[in-house]
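Novice: Sequence:
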Amino acid sequence: MLEILDYAFMQRALLAAVLVGITAPAVGIYLVQRRQAIMGDGIGHVALTGVALGFLTGTNPVWTAVVVSALGAILMELIRWYGKTRGDLALAMLFYGGMAGGVLLINLSPTGSNANLTTYLFGSITTVSPEDVVAISLLAAFVVLITLGLRRQLFAVCQDEEFARVTGLPVRTLNLLLAVTAAVTVTVAMRVVGLLLVSALMVVPVAAAQQATRGFAMTLALAVTIGVVVTLSGTVFSFYKNVPPGASIVVLAIGVFAVITALAAPLAKRRAGRVAEAEERCTLRDDVLV
19 MLEILDYAFM QRALLAAVLV GITAPAVGIY LVQRRQAIMG DGIGHVALTG
69 VALGFLTGTN PVWTAVVVSA LGAILMELIR WYGKTRGDLA LAMLFYGGMA
119 GGVLLINLSP TGSNANLTTY LFGSITTVSP EDVVAISLLA AFVVLITLGL
169 RRQLFAVCQD EEFARVTGLP VRTLNLLLAV TAAVTVTVAM RVVGLLLVSA
219 LMVVPVAAAQ QATRGFAMTL ALAVTIGVVV TLSGTVFSFY KNVPPGASIV
269 VLAIGVFAVI TALAAPLAKR RAGRVAEAEE RCTLRDDVLV
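Per our numbering, residue 19 is the first one in the sequence shown, and the count goes up by one each step.
These aren't lab readings, by the way, just hints derived from the structure by calculation. Every residue, glycine too, gets a C-beta built ideally from N, C-alpha and C. Warning: the hint list may mix true and false statements.
As the list claims (entries may be wrong) - Taking CB as the label site, the calculated pair distances span:
(1) 77 - 121: 16 to 22 Å
(2) 75 - 239: 38 to 44 Å
(3) 260 - 149: 23 to 29 Å
Working from the sequences, and respecting the hints, build out all of it.
Specialist: What follows is the structure, encoded as structure tokens:
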């Protein structure tokens with residue numbers, strides 16, 4: 019099993035997997051709270067244009083994807099504020115335009131091809147370069163700093179924007195910051211999970227954690243733990259079975275969700291029964307006292 023560490027590219031892939039496992043649920047918990055679970059998928063479409071732009075300009079696609087996806091995320095947030103009845107149409111055009119722009123630009127690039135896009139769409143453990151590890155590490159540090167350092171403010175905004183605004187929080191600034199952080203997370207994850215599947219890793223571990231925990235801190239801790247476990251497991255599995263890591267990671271995450279849900283349901287039912295018994299005893303005692 020440990021022979022996997024003899025390969026330098028697998029060392030890089032496993033490190034990237036850990037960073038993805040931490041950052042994706044750390045951002046996803048806020049998106050789930052805001053009922054914007056699909057936002058990562060939309061950003062992934064836009065990031066594809068950034069990847070292709072990197073090939074076209076001869077720049078590291080990770081950095082060009084960061085810039086383009088961040089701009090796309092900001093535009094999505096602006097559309098959410100001002101789009102009103104036509105907002106869904108504008109978002110659809112942005113998503114489809116991002117995908118089409120990526121395919122067009124990659125074919126205009128002298129060094130790129132559709133095969134290059136495939137590694138970013140579905141993830142590829144063999145293509146994580148040392149430069150990618152540096153970029154992913156820096157971006158992951160930014161995501162952790164924002165999601166943990168501003169967790170109280172972001173939670174307040176995601177829970178109730180009006181209340182957060184009344185308390186004096188800069189709601190629009192925090193919303194934009196969260197959108198940019200989500201875009202950075204998509205870029206961090208695209209090498210391992212792939213742009214088409216990154217949204218699942220942002221959502222499924224959080225959904226699984228919510229089945230078994232109460233409270234924001236515990237949910238976040240369990241979601242990150244699940245994220246790290248499934249990204250590492252999926253990456254190792256993809257190495258031995260020669261399958262895309264993104265698909266392996268997402269299938270494992272869904273499997274964990276199913277197991278936790280199956281285990282949590284009886285426990286929740288038993289807990290509800292104990293609460294009902296306690297309430298019944300209190301009612302009987304009050305009747306006796308009366």
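Novice: Look at each hint and say if it fits the structure.
Specialist: Okay, the hints, checked on the actual structure:
1. At roughly 19 Å, the beta-carbon separation of residue 77 and residue 121 lies within the given 16 to 22 Å, and the hint holds.
2. Look at residue 75 against residue 239: about 40 Å separates their beta carbons, and that is inside 38 to 44 Å.
3. Range check, residue 260 to residue 149: about 25 Å between beta-carbon atoms, so the 23 to 29 Å window is met.
Hint compliance for this structure: every hint is met.
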